[in-house]
Amino acid sequence: MTTLEIAELFKVNEATVRAWIHGEDLRAIKLGREFRIAVEDVEAFVNAHATRPPAWEQTDG
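Each residue of the sequence shown is one higher than the one before, starting from 0 at the first, in numbering that gives the first Met the number 0.
Do not rely on the hints blindly, as some may be mistaken.
[Stated by the list, open to error] Simulated DEER-style distance windows between Cβ atoms:
1) Trp55 <-> Arg35: 21 to 29 Å
2) Trp55 <-> Glu23: 28 to 36 Å
3) Ala47 <-> Ala14: 15 to 23 Å
4) Glu13 <-> Ala47: 15 to 23 Å
5) Leu3 <-> Trp55: 36 to 44 Å
6) Leu8 <-> Gly31: 21 to 29 Å
7) Leu8 <-> Arg51: 17 to 25 Å
8) Ala14 <-> Ala37: 14 to 22 Å
[Stated by the list, open to error] In the DMTMM-like style, the derived pairs of lysine to aspartate or glutamate whose C-alpha atoms are separated by at most 25 Å in a straight line are:
9) Lys10 <-> Asp24
10) Lys29 <-> Glu42
11) Lys29 <-> Glu4
12) Lys29 <-> Glu39
13) Lys10 <-> Glu23
14) Lys10 <-> Glu39
15) Lys29 <-> Asp40
16) Lys29 <-> Glu13
17) Lys10 <-> Glu33
The hints are simulated quantities; they were obtained by calculation from the structure and are not laboratory data.
The beta carbon of each residue, even a glycine, is placed where N, CA and C say it ideally should be.
Please construct the entire structure, taking both the sequences and the accompanying hints into account.
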């Protein structure tokens, strides 16, 4: 995936995606002047940054 695709997916600016990459929050490979991000790395990023809903929003079933 490209930084533009990731930006569109998360509804953020492409510069934000590059900041995640440079901050080592999101793994990427640089090919020429562009970054490429594997789907597995996007999934790992989501899992690492997932938040649980507040206790008052959780239900028992």
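So if I understand the rule, the pair passes when the alpha-carbon distance is 25 Å or less; does Lys29 with Glu13 pass?
The hint holds at about 15 Å.
Holds or violated: Lys10 to Glu23, with C-alpha atoms at most 25 Å apart
Given pair Lys10, Glu23 holds - Cα atoms ~20 Å apart, limit 25 Å.
Run the distance test for Lys10 versus Glu39: straight-line Cα separation, threshold 25 Å.
Judged against 25 Å, a Cα distance of about 19 Å means the pair holds.
Between the beta carbons of Leu3 and Trp55, is the distance compatible with 36 to 44 Å?
Since Leu3 and Trp55 have Cβ atoms about 37 Å apart, the given range 36 to 44 Å holds.
The hint says 28 to 36 Å between Trp55 and Glu23; measuring C-beta to C-beta, is that right?
34 Å, holds
Determine whether the Cβ-Cβ distance between Leu8 and Arg51 falls within the hinted range of 17 to 25 Å.
21 Å, holds
CA of Lys10 to CA of Asp24, is that 25 Å or under?
Status holds; Cα separation ~17 Å.
With a cut-off of 25 Å on the C-alpha distance, tell me whether Lys29 and Glu4 pass.
15 Å, holds
Are Lys29 and Glu42 close enough, with their CA atoms no more than 25 Å apart?
At roughly 19 Å apart (the allowed maximum being 25 Å), Glu42 and Lys29 satisfy the hint.
Does the hinted range 21 to 29 Å hold for Trp55 and Arg35 at CB?
41 Å, violated
Given the hint that Lys29 pairs with Glu39, does the C-alpha gap stay at or below 25 Å?
16 Å, holds
Taking the beta carbons of Ala14 and Ala37, is their distance inside 14 to 22 Å?
21 Å, holds
Comparing the model with each numbered hint stated earlier shows that hint 1 is the single one that does not hold.
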